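Based on these hints, arrange chain B on the given structure of chain A.
Top to bottom, those sequences are chains A and B. Here the first sequence stands for residues 68 to 312, numbered as in this note's numbering. Here the second sequence stands for residues 68 to 312, numbered as in this note's numbering.
Just so you know, the hints here were simulated from the structure itself, not pulled from any lab data. Note that the structure is a prediction, hence the values are computed from the model and not measured. One or more hints might be untrue.
Copies of one chain are not kept apart here, so a pair can be met inside one copy or by any two copies together.
Only pairs whose alpha carbons sit at most 16 Å apart, straight line, appear in this in silico EDC-like list of lysine to aspartate or glutamate [what the hints assert, rightly or not]:
hint: 1; residue 1: K176; residue 2: D109
hint: 2; residue 1: K176; residue 2: E126
hint: 3; residue 1: K182; residue 2: E126
hint: 4; residue 1: K176; residue 2: D117
2 protein chains.
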Amino acid sequence: MDIGEFSAMAESAVAAREVIIAFVHCQITYSGRAEAFLGRGDRVLLIKADSTVIIHQPEGSNPINYMRPGSAVTFEKVDQHVMMHVMNSGDKSFLDVEIFRVYDVASRKLEDGQKQDLAGSERDMSDHIRDNPTLIGNDFHPISREEQTDVGFIDVFGHDKQGHFVVVECKRITASLMAVDQLRRYVERVKQIKGTQVVTGVLAAPSITPNARDMLESYGFRYAHVQPPMRLERWHRDQKKIFEY
Amino acid sequence: MDIGEFSAMAESAVAAREVIIAFVHCQITYSGRAEAFLGRGDRVLLIKADSTVIIHQPEGSNPINYMRPGSAVTFEKVDQHVMMHVMNSGDKSFLDVEIFRVYDVASRKLEDGQKQDLAGSERDMSDHIRDNPTLIGNDFHPISREEQTDVGFIDVFGHDKQGHFVVVECKRITASLMAVDQLRRYVERVKQIKGTQVVTGVLAAPSITPNARDMLESYGFRYAHVQPPMRLERWHRDQKKIFEY
Numbered sequence: 068m069d070i071g072e073f074s075a076m077a078e079s080a081v082a083a084r085e086v087i088i089a090f091v092h093c094q095i096t097y098s099g100r101a102e103a104f105l106g107r108g109d110r111v112l113l114i115k116a117d118s119t120v121i122i123h124q125p126e127g128s129n130p131i132n133y134m135r136p137g138s139a140v141t142f143e144k145v146d147q148h149v150m151m152h153v154m155n156s157g158d159k160s161f162l163d164v165e166i167f168r169v170y171d172v173a174s175r176k177l178e179d180g181q182k183q184d185l186a187g188s189e190r191d192m193s194d195h196i197r198d199n200p201t202l203i204g205n206d207f208h209p210i211s212r213e214e215q216t217d218v219g220f221i222d223v224f225g226h227d228k229q230g231h232f233v234v235v236e237c238k239r240i241t242a243s244l245m246a247v248d249q250l251r252r253y254v255e256r257v258k259q260i261k262g263t264q265v266v267t268g269v270l271a272a273p274s275i276t277p278n279a280r281d282m283l284e285s286y287g288f289r290y291a292h293v294q295p296p297m298r299l300e301r302w303h304r305d306q307k308k309i310f311e312y
Numbered sequence: 068m069d070i071g072e073f074s075a076m077a078e079s080a081v082a083a084r085e086v087i088i089a090f091v092h093c094q095i096t097y098s099g100r101a102e103a104f105l106g107r108g109d110r111v112l113l114i115k116a117d118s119t120v121i122i123h124q125p126e127g128s129n130p131i132n133y134m135r136p137g138s139a140v141t142f143e144k145v146d147q148h149v150m151m152h153v154m155n156s157g158d159k160s161f162l163d164v165e166i167f168r169v170y171d172v173a174s175r176k177l178e179d180g181q182k183q184d185l186a187g188s189e190r191d192m193s194d195h196i197r198d199n200p201t202l203i204g205n206d207f208h209p210i211s212r213e214e215q216t217d218v219g220f221i222d223v224f225g226h227d228k229q230g231h232f233v234v235v236e237c238k239r240i241t242a243s244l245m246a247v248d249q250l251r252r253y254v255e256r257v258k259q260i261k262g263t264q265v266v267t268g269v270l271a272a273p274s275i276t277p278n279a280r281d282m283l284e285s286y287g288f289r290y291a292h293v294q295p296p297m298r299l300e301r302w303h304r305d306q307k308k309i310f311e312y
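Okay, chain A solo, but in the shape it has when bound:
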């Protein structure tokens, strides 16, 4: 595609809030959350209806560059190239993409009113624990979920049969040192607020790293092996067959 045509087409697509996808040969300079330069190569360019800009290299999970929703996107002809300027005044970041070739491009108004129905989140885990308190211990009595404190939200807050407070932090994937830090922060704040030294900390997760486990135990907390609940079980069972092909 002629580079001038691309510039005109992309400009009107952005104005019409269409989504644009393209394979381009480009060079990238970024300034904002960091400073970055990426020399010439082939990449995937995605401009969304809300002016989010995402650039991917041919491999890897993460975009090599992205600009948040609500960016200003403009195109400027420079010699035989197109310079795409993207600016986000919210986080004061700038992206300049110098486009030398456009291999393929498409733009279209996309209609999508769907929200994802997600199960197995930390919120689902805390619901699950409230409904099945023995997952934490035989004498655990939940009082509240998502209890707000000035240092964050406690996933499940409760007490044991002696009336001592119990703080539960949920992780739906392997719990790390960060999770132990977080639990400790809540336990200490509960001790302060309630004026007691007897508060139990429990980290509920499907697994935990060895370092996190050591740190957890050194603080006198404990680990509870809890799998995030999976609502869509039928599908999960069906999928297992794939490994049997």
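Same frame as chain A, but now just chain B:
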């Protein structure tokens, strides 16, 4: 595009390690790190050369679904639709995308040997602090960078003129409660290892949340206002003009 054609084209593109981009009308079921269902709507489908699969809704920064590199991607004709099955045996996750319509599609072998030249990272900040120790304090003497401990890497480790140890944690964006937790974890480990109670904790960042600042001070640590270094300064200066248009 005919849905059967799409299936054949996508299959051979995946086999040839080409990158595929498409606008599709689809419905998605995911099982793995969580369970998720997303009803019918228009989306952007990206399949990379390393079989990473990324799906975006028309708005927002984050993909609505993704599958890690090295996934197995297969296409199956079901009635008038195509079912794309993606399976990652590494993290035992599954993605089923039922594709009802393909609006636009392109596939291509992309060549990109570039690595991003990044400045302003946490590593750059710790270099910057080592080279400019007064950013932390007039009597700060750095000893090492990225000092490894069993509870993580200390960004900059040093001492003051009285010989007391100083632990510096760097954040290149606003420091949060998590950053304070991390600093505290390192300070406490240094106290244990070195057998001293006098260890100074410093959180170096361009800004800090009020809650994090309160917590930091309650632990007796302090905040140092440090901007991540920006190497590509010329470009940064040029870009400022955009706001003056």
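| From the Cα coordinates, with 16 Å as the cut-off, is the pair K182 and E126 best called within, between, both, or neither? | between (28 Å within a copy, 12 Å between copies)
| said: If the cut is 16 Å between Cα atoms, do K176 and D117 qualify within a copy, between copies, both or neither? | reply: within (12 Å within a copy, 29 Å between copies)
| Checking K176 and D109: alpha-carbon separation at most 16 Å within a copy, between copies, both or neither? | between (25 Å within a copy, 9 Å between copies)
| task | Indicate which option fits the pair K176, E126 if close means a Cα-Cα distance not exceeding 16 Å: within, between, both or neither. | result | between (27 Å within a copy, 11 Å between copies)
Going down the numbered hints, you'll see the structure goes against none, and every one checks out.
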